[in-house]
Amino acid sequence: MDNATHINDFVVKFANVNGSGSASANGLFARAILRMGVPVAARNIFPSNIQGLPTWYEVRVVEDGWRGRRGGVDLMVAMNPQTWEKDVAEVDPGGYLFHDSTKALPPSRFREDITTFGMPLTAICNAEYSDARQRQLFKNIVYLGALSALLNIDPTEVDRLFGEQYKGKETLLASNRRAFGLGRDYALEHFPCPLPIRVQRCDRVGDRIFIDGNSAAALGCVYGGATVAAWYPITPSSSLAETFAKYCRSYRTDPATKQKRYAILQAEDELASIGMVIGAAWNGARAFTATSGPGVSLMQESLGLAYFAEIPVVLFDVQRGSPSTGMPTRTQQADLLSCAYASHGDTKHVLLLPEDPTESFAMAAQSFDLADRLQTPIFVMLDLDIGMQDWLTAPFRWDEMHRMDRGKVMTAADLDAGRDFGRYLDVDGDGIPYRTYPGTHPTKGSYFTRGSTKDRYARYTEEGVAYVDNMQRLLRKFETAKSLVPQPVITKAAKRTKSGVIWFGSTGAAMAESLALLEQDGIHLDRMRLRAFPFADAVGAFIAAHDRVFVVEQNRDAQMKALLVNECGIDPSRLISVLHYDGTPITARFLVREIAEKAHLFNVTPLRKVAP
Amino acid sequence: MTYLAKPKLRHPSLPKNALGYTHRDYEGAISTLCAGCGHDSISAAIIQAFFEMDVHPHRVAKLSGIGCSSKTPTYFLGNSHGFNSVHGRMPSVLTGAALANRDLMYLGVSGDGDSASIGLGQFAHVMRRGVNMLYIVENNGVYGLTKGQFSATADKGSKSKRGAINSDEPIDLAMLAMTLGATFVARGFSGDKEQLIPLIKAAVAHHGAAFIDVLSPCVAFNNHPGSTKSYDFVREHNESVNRLDFIPARAEITTSYKPGEVRSIVLHDGGSIRLRKVDETYDPADRAAAIGYIEARREAGEVVTGLLYLHADSTDMHDALDTVALPLNSLVDADLVPGNAALAEVNASLR
Numbered sequence: 001m002d003n004a005t006h007i008n009d010f011v012v013k014f015a016n017v018n019g020s021g022s023a024s025a026n027g028l029f030a031r032a033i034l035r036m037g038v039p040v041a042a043r044n045i046f047p048s049n050i051q052g053l054p055t056w057y058e059v060r061v062v063e064d065g066w067r068g069r070r071g072g073v074d075l076m077v078a079m080n081p082q083t084w085e086k087d088v089a090e091v092d093p094g095g096y097l098f099h100d101s102t103k104a105l106p107p108s109r110f111r112e113d114i115t116t117f118g119m120p121l122t123a124i125c126n127a128e129y130s131d132a133r134q135r136q137l138f139k140n141i142v143y144l145g146a147l148s149a150l151l152n153i154d155p156t157e158v159d160r161l162f163g164e165q166y167k168g169k170e171t172l173l174a175s176n177r178r179a180f181g182l183g184r185d186y187a188l189e190h191f192p193c194p195l196p197i198r199v200q201r202c203d204r205v206g207d208r209i210f211i212d213g214n215s216a217a218a219l220g221c222v223y224g225g226a227t228v229a230a231w232y233p234i235t236p237s238s239s240l241a242e243t244f245a246k247y248c249r250s251y252r253t254d255p256a257t258k259q260k261r262y263a264i265l266q267a268e269d270e271l272a273s274i275g276m277v278i279g280a281a282w283n284g285a286r287a288f289t290a291t292s293g294p295g296v297s298l299m300q301e302s303l304g305l306a307y308f309a310e311i312p313v314v315l316f317d318v319q320r321g322s323p324s325t326g327m328p329t330r331t332q333q334a335d336l337l338s339c340a341y342a343s344h345g346d347t348k349h350v351l352l353l354p355e356d357p358t359e360s361f362a363m364a365a366q367s368f369d370l371a372d373r374l375q376t377p378i379f380v381m382l383d384l385d386i387g388m389q390d391w392l393t394a395p396f397r398w399d400e401m402h403r404m405d406r407g408k409v410m411t412a413a414d415l416d417a418g419r420d421f422g423r424y425l426d427v428d429g430d431g432i433p434y435r436t437y438p439g440t441h442p443t444k445g446s447y448f449t450r451g452s453t454k455d456r457y458a459r460y461t462e463e464g465v466a467y468v469d470n471m472q473r474l475l476r477k478f479e480t481a482k483s484l485v486p487q488p489v490i491t492k493a494a495k496r497t498k499s500g501v502i503w504f505g506s507t508g509a510a511m512a513e514s515l516a517l518l519e520q521d522g523i524h525l526d527r528m529r530l531r532a533f534p535f536a537d538a539v540g541a542f543i544a545a546h547d548r549v550f551v552v553e554q555n556r557d558a559q560m561k562a563l564l565v566n567e568c569g570i571d572p573s574r575l576i577s578v579l580h581y582d583g584t585p586i587t588a589r590f591l592v593r594e595i596a597e598k599a600h601l602f603n604v605t606p607l608r609k610v611a612p
Numbered sequence: 613m614t615y616l617a618k619p620k621l622r623h624p625s626l627p628k629n630a631l632g633y634t635h636r637d638y639e640g641a642i643s644t645l646c647a648g649c650g651h652d653s654i655s656a657a658i659i660q661a662f663f664e665m666d667v668h669p670h671r672v673a674k675l676s677g678i679g680c681s682s683k684t685p686t687y688f689l690g691n692s693h694g695f696n697s698v699h700g701r702m703p704s705v706l707t708g709a710a711l712a713n714r715d716l717m718y719l720g721v722s723g724d725g726d727s728a729s730i731g732l733g734q735f736a737h738v739m740r741r742g743v744n745m746l747y748i749v750e751n752n753g754v755y756g757l758t759k760g761q762f763s764a765t766a767d768k769g770s771k772s773k774r775g776a777i778n779s780d781e782p783i784d785l786a787m788l789a790m791t792l793g794a795t796f797v798a799r800g801f802s803g804d805k806e807q808l809i810p811l812i813k814a815a816v817a818h819h820g821a822a823f824i825d826v827l828s829p830c831v832a833f834n835n836h837p838g839s840t841k842s843y844d845f846v847r848e849h850n851e852s853v854n855r856l857d858f859i860p861a862r863a864e865i866t867t868s869y870k871p872g873e874v875r876s877i878v879l880h881d882g883g884s885i886r887l888r889k890v891d892e893t894y895d896p897a898d899r900a901a902a903i904g905y906i907e908a909r910r911e912a913g914e915v916v917t918g919l920l921y922l923h924a925d926s927t928d929m930h931d932a933l934d935t936v937a938l939p940l941n942s943l944v945d946a947d948l949v950p951g952n953a954a955l956a957e958v959n960a961s962l963r
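These protein sequences, in sequence, are chains A and B.
Quick note on numbering: my numbering labels position 399 of the first sequence as 399, and the sequence is numbered without any gaps.
To convert, count from 1 in the second sequence and add 612; that's my numbering.
No lab work stands behind these hints, which were simulated from the structure alone.
Heads up, some of the hints might be wrong.
[Said to hold, decoys possible] Some chain A residues near chain B, calculated using beta-carbon distances under 7 Å: (1) Gly-225; (2) Thr-253; (3) Asp-254; (4) Gly-275; (5) Met-276; (6) Phe-396; (7) Met-404; (8) Ser-446.
Keep in mind that this is a model prediction, so the values were computed, not measured.
Just so it is clear, CB atoms sit at the ideal spot from N, CA and C, and this is done for glycine as well.
Chain A on its own, in the form it takes in the complex:
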């Protein structure tokens, strides 16, 4: 970076040791800046480990409100000796390094093109605290104090956050305040505060909230009326089920009896969790499971049953680096095909593709209506970047008039009125049959659910005609789904263009910024953000209206492109893949470079050379 002043536009990276208590201090850092009205984009980069391995927290302070990673580091808070070399090397020239100087390091370990601030954090904490754990934990708060001075963060905002966090725990409140003051005073005394990179109060946060996608989806499940959750712990989805439990305790406890209006089971494995969800949904409860790629693999057989037996299950897939165990703490969008066509035989499933926590909430709630309406599994495709990172995102909204759509369910009164009940009978021509809940009527409406072939009245048969009839109806149902699922968001470029770009999910965070940069460089692209599979008719029409369309996705094999080619009958040569799959969230820098380069190949000449 240059030495000019960078107000509200810089990147701070914290290099910590996992389990050292840094997460809480780093979170306070981000929130204090938000409280000053300045947007941040924050990301944890963490190992598959509980204690000891390196972990990083990156905060991009960005008044423009971009939500993706920028790339590069302006200030490194180097608290982990294990990763020192790499961390120091990562700082942009002209940037800053903050470190614990208790133990002196030779000059060869430092760089001359960056400014270094050493603070004897360990010595300060050892002098102040006698308890070993306190020495460790408060070290984080001490550096938070120092950073507040260096970066011009309003100490009263941090103090307020302390007050909220330690409400009713006065001892903790006092000791945190004290540690913060120690760090701040030291920095004010020893360093040229504030630095040219600094925070300045503004009003760019608005009513937005700061939350992760798993929590948002969990809350969406509460609003969507889910009463049964069955899950098996797996990174990065575990917090979805756990947060569902937390929200249920708040909002689903019967006020009179204190009993639960929900049931959550931690199953013995994913085979069992999907089985429980199938059983509960078959029996008329709204039920879901949350898992990741390996779990989806284990669930394949039961997902085929749910498709063929038409059970309204909801599955959250918080995607991570795959295949196999892959990179459990890294992000990818690589489960598209294994979910879209999950199980053996001819199957197709509905996928919802939220772009951030706000949509994770909305689509989680909507998924239960869709599942009941379509009587089929609904996959809500999050990824680690959405699920486990805190995002600055639009507040949750709810239509108070909304009522659960339980779909086509025949009641005892319907049956007594003489309505013809055939479990797999397409009465309305939309491919969706009627169902009954078990126990509805003494003599009418019962049926036998099976994964093997049956006729329209659920009677076992191996007749080819009945089988084909059923499979064709399932296709009609899939057609019906196209208009019920969230529709794509299509935006025209500022200038007329024959090129377009398609993306979905967490890629949106970097996409908006990169499109703005590309536009400055004279590359204009019409945009389509996919929000669901099966694709609405508008998807094929968008591609047809352009000579070439970039498809941006975070996997190696261009899985979304494969779906587009397969389902929309598109000539593959018209779709140009932009692929990012190293496990880190996609950045605007990467997108601009890739798209500009490829656009050049197609004679879309940029006005000037694009920054690397």
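Fit chain B to the given chain A structure using the hints.
Just chain B, lined up with the frame of chain A:
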């Protein structure tokens, strides 16, 4: 199987139970299993037990996995919803169903392959959770639908139809259920209705996880010299899949014996199953003693049947979860959706 349809007409003087249902109201479709199959006897026992128990048939949900035994729910309780799920996964599907509606009665039907092999994990965990259900394993020690492979309950040293000797230790599902937390555990024999029907009735009445291991000989694939779980088998049987229907009808084995008495059921091949009734001194409330007793008799080559273990004052999964009394599937928007005021609070807490 038989192709003779049951007459639709009912005689007006057919006996009715307390709810006004006749025996026929508890029957299902005609069985497609082999004539003489032990499983059909178990279906008959279920029908009789539920009729005598005055259970509303439609308030029962019957669930199964995959296999001969898992086909049987089609053959009883025709007005109940049924779910023939995935191989080895009935316990989880049943658990989910039980979560959704605690007011129905759950009947899980499975086999030794379905529960002791592919589904052993789910079998274990459904017992641990204390799901309120009756779980019946129709145990013949053999894979019927895939034609005669050993199952995990086949005894060590027993011989398959093809002459292979089983070298693996058998899994005793009843013993397993007892150690895993089932609160009602019994073993029956499909040929002994007098014993089995009361066991089913007691299990239906039980609150919590009830398990019955029912020895149920396979007439088609486990009836040769060296087998420990079958009676006679047609020696000239052709192995073609299409010849299954041509297996001659055989009389079901029926036995009747008094408490304390050991009775051998002589098989066609000369081998035998020895059945021991629980004697007068046996205390089914003492789990540790029961396990020791059953193990001792097993070492002596005997199979203990009857009510093996009962924890009468038991609780179930819903008690442990502390769910509301109303079925979860009956709750409506007002019960479930917190609304806008709550959401405003959530939003405010995240700024």
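Structure-based check of all given hints:
{"no.": "1", "hint": "Gly-225", "result": "holds (5 Å)"}
{"no.": "2", "hint": "Thr-253", "result": "violated (9 Å)"}
{"no.": "3", "hint": "Asp-254", "result": "holds (5 Å)"}
{"no.": "4", "hint": "Gly-275", "result": "holds (3 Å)"}
{"no.": "5", "hint": "Met-276", "result": "holds (4 Å)"}
{"no.": "6", "hint": "Phe-396", "result": "holds (5 Å)"}
{"no.": "7", "hint": "Met-404", "result": "holds (6 Å)"}
{"no.": "8", "hint": "Ser-446", "result": "holds (5 Å)"}
Taken one by one, the earlier hints fail for this structure only at number 2.
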